[in-house]
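Okay, here's what each chain looks like letter by letter:
Number of protein chains: 2
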Amino acid sequence: MHDRLFIPGPVEVRPELLQAIAQPQVGHRTQAYMDVHSATIPLLKKILYTEQDVLLFTCSATGVMEGSLRNLCQKKALLTVNGAFSKRWYQIAGFNGVPADKLEVPMGKAVMPEDLDKALATGQYDVFCAVFNETSTGVRAPLEKYSEVLKKYPDVMFCVDAVSAMAGDKIETDKLGLDVCLAGTQKCWGLPTGMCVTMISNKAMAKAATAKAPGYYVNFVDAKKYNDKHQTPHTPAIPILFGLHAQCNHIVNEEGLDNRWKRHLDMQKLTHQWVKDAGFELFPEKGYESVTLSCIKKPEGFDFKNLNGQLSKRHHCVISNGYGDIKEQTFRVAHMADTKVEEMKQLFKWIDAILAEANVTA
Amino acid sequence: MHDRLFIPGPVEVRPELLQAIAQPQVGHRTQAYMDVHSATIPLLKKILYTEQDVLLFTCSATGVMEGSLRNLCQKKALLTVNGAFSKRWYQIAGFNGVPADKLEVPMGKAVMPEDLDKALATGQYDVFCAVFNETSTGVRAPLEKYSEVLKKYPDVMFCVDAVSAMAGDKIETDKLGLDVCLAGTQKCWGLPTGMCVTMISNKAMAKAATAKAPGYYVNFVDAKKYNDKHQTPHTPAIPILFGLHAQCNHIVNEEGLDNRWKRHLDMQKLTHQWVKDAGFELFPEKGYESVTLSCIKKPEGFDFKNLNGQLSKRHHCVISNGYGDIKEQTFRVAHMADTKVEEMKQLFKWIDAILAEANVTA
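Order-wise, the sequence lines are chains R and H. Here the first sequence is numbered in my numbering, starting from 744 and rising by one per residue. Here the second sequence is numbered in my numbering, starting from 744 and rising by one per residue.
One thing to keep in mind: the hints can contain errors.
If chains are identical, the list can't say which one is meant, so a pair holds when it fits in one copy or spans any two.
Within a straight-line C-alpha distance of at most 27 Å, the following computed DSSO-like cross-link-like pairs (lysine-lysine) qualify [claimed, not checked]:
#1 Lys1012 <-> Lys918
#2 Lys955 <-> Lys845
#3 Lys968 <-> Lys1048
#4 Lys972 <-> Lys1048
#5 Lys968 <-> Lys1070
#6 Lys967 <-> Lys1070
#7 Lys789 <-> Lys1070
For the record, the hints were derived by calculation from the structure and aren't laboratory data.
Input sequences plus hints: build the corresponding full structure.
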């Protein structure tokens, strides 16, 4: 039997969405395709609170993290580093010969806006990249505060990796002045992997048009040209588009945006309460906790492998170990996508019961 | 009702494969994922006749066409140009700042091995790129002859776009000495888009390890590192992997490789006979016709739109218009993936009937 996923991506996909992705294929230059594409984009814009472009790239988010640097950086990029995925974005610059500096703080902490301001004031940078929701540490960056800082530097492109937050944690992209906001479909979108949903500002698009070697597969200008005629430049992941169309309809017209944001906040609140009651401690510093996943410190001698094994064996579900450098010190529970508050309550009851037994036998 | 696709990709996907892709998701760092990944790769190696690496990238083929140049070209690339997709590969070089020359012949023709030899003899090039099966013109390049030439230039990387041929037209990658052989899943693989299956030689892998700015998302060395532990560096298109696993099993263990190649040759033969009988003419020059798709010249006054409209309306199937510069002069019929000879026979009967009516009313 399949293990229900409480891991921070890929997430559990509703059976209705799995059936949506399994529809027969259509030609990607046909009206049938364009109908689905053109019905999906306006819904994506609502969910991202933007009147600018939302484009679909057939790759995981990493592809567009790389593409953002190649399309937009002409001087030097500044990147926050406070976990595995933000560190990866910094490394991507190196793999592409893009000059880059990092604003690094220890894992579990968020980069402070004052430090961002100080760095940007040097005038060296034309791109700033931040990971909104560090999937490795459960730290949520203070985007609103970064946004205030960025207003002083209108020539700096504000690029946000919203991988494990988009469609779960409300992000008003236009109001925040984001130039790029990207996320793969396998996290809060509640779909399998395959596409990267990307909001791109008009300002970023204008700058991308002046790039010397922007690359071809993730090319903002080309993607917009095709998107304007309800297509993509390269054959898209049609099954994922079918799923995304169904899911956007669900989010906007069935669940409702505000209800979706509230449900995620409710799941976060419940999880924090459980963490406290169970005697655990969150890994992120207070005030910077992710809304969509919780990274929790392992107490001394905590047997994660046994816990997850028992969850799988008895209840056909799994949570996640820590990631990267803090793999041994932490574990993670996702509360994202289409998970219900009641499912989280049930999960915590199961975990409590397993841990209680372990204590008895310990 | 859904139109059955006789277009050169995306192709019709068998219902069993659509159900395979709609399985519940698994974590991409779990044993459940690794079991499917590690069961699929050896089957892919059989289908590609290689003992070297076969890697999976989550993007359409264009992503790996770009990646091949970035990972492998350190001097200058030489690319055949004889259609829309080979022209694209040449353009990709420009978008990436990779120095490149083209060996161009008119559409419908194949680049001759003598010309390739002459160009390589200049010693300028370290990468040679050829499109095996030009989806726009239906021209099949003489890979065996290119292979003979390349033996004289062991330092030149031999990269082949096999997009609309791989898994339909037999390609013995090791015997041909290919360094890269790539194809998206939405053509002869008989699956939806989402992954690019890529054979990479040990020689190419060694060279990629010395690249200065190979890029990150399509990074050969990184992809191999993860593939060796039955994973991918970035979250893969898990639904497509599920489908690919089922399809590889079908190809190797149910249909059988030789039967699959023979069925494609039979469909080609049938199509050529129909073209002749119906008074049409093939677009490619004789001796260089694709095994998997036929590009056919439109006779004077030929109403393709009516033909395809009637096919859709009466028989719920579609063929394809021409592509790019020869869109108005040609139309295309795909005979690839899991299409049966009987289905092609039926399709041609339907087309004949529609054309007979059109002649009467003309």
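How the hints compare with the structure:
1. Lys1012 <-> Lys918: within (26 Å within a copy, 61 Å between copies)
2. Lys955 <-> Lys845: both (24 Å within a copy, 21 Å between copies)
3. Lys968 <-> Lys1048: between (49 Å within a copy, 25 Å between copies)
4. Lys972 <-> Lys1048: Answer is between; shortest inter-copy Cα gap is 20 Å, intra-copy 50 Å.
5. Lys968 <-> Lys1070: between (43 Å within a copy, 20 Å between copies)
6. Lys967 <-> Lys1070: between (39 Å within a copy, 23 Å between copies)
7. Lys789 <-> Lys1070: neither (36 Å within a copy, 37 Å between copies)
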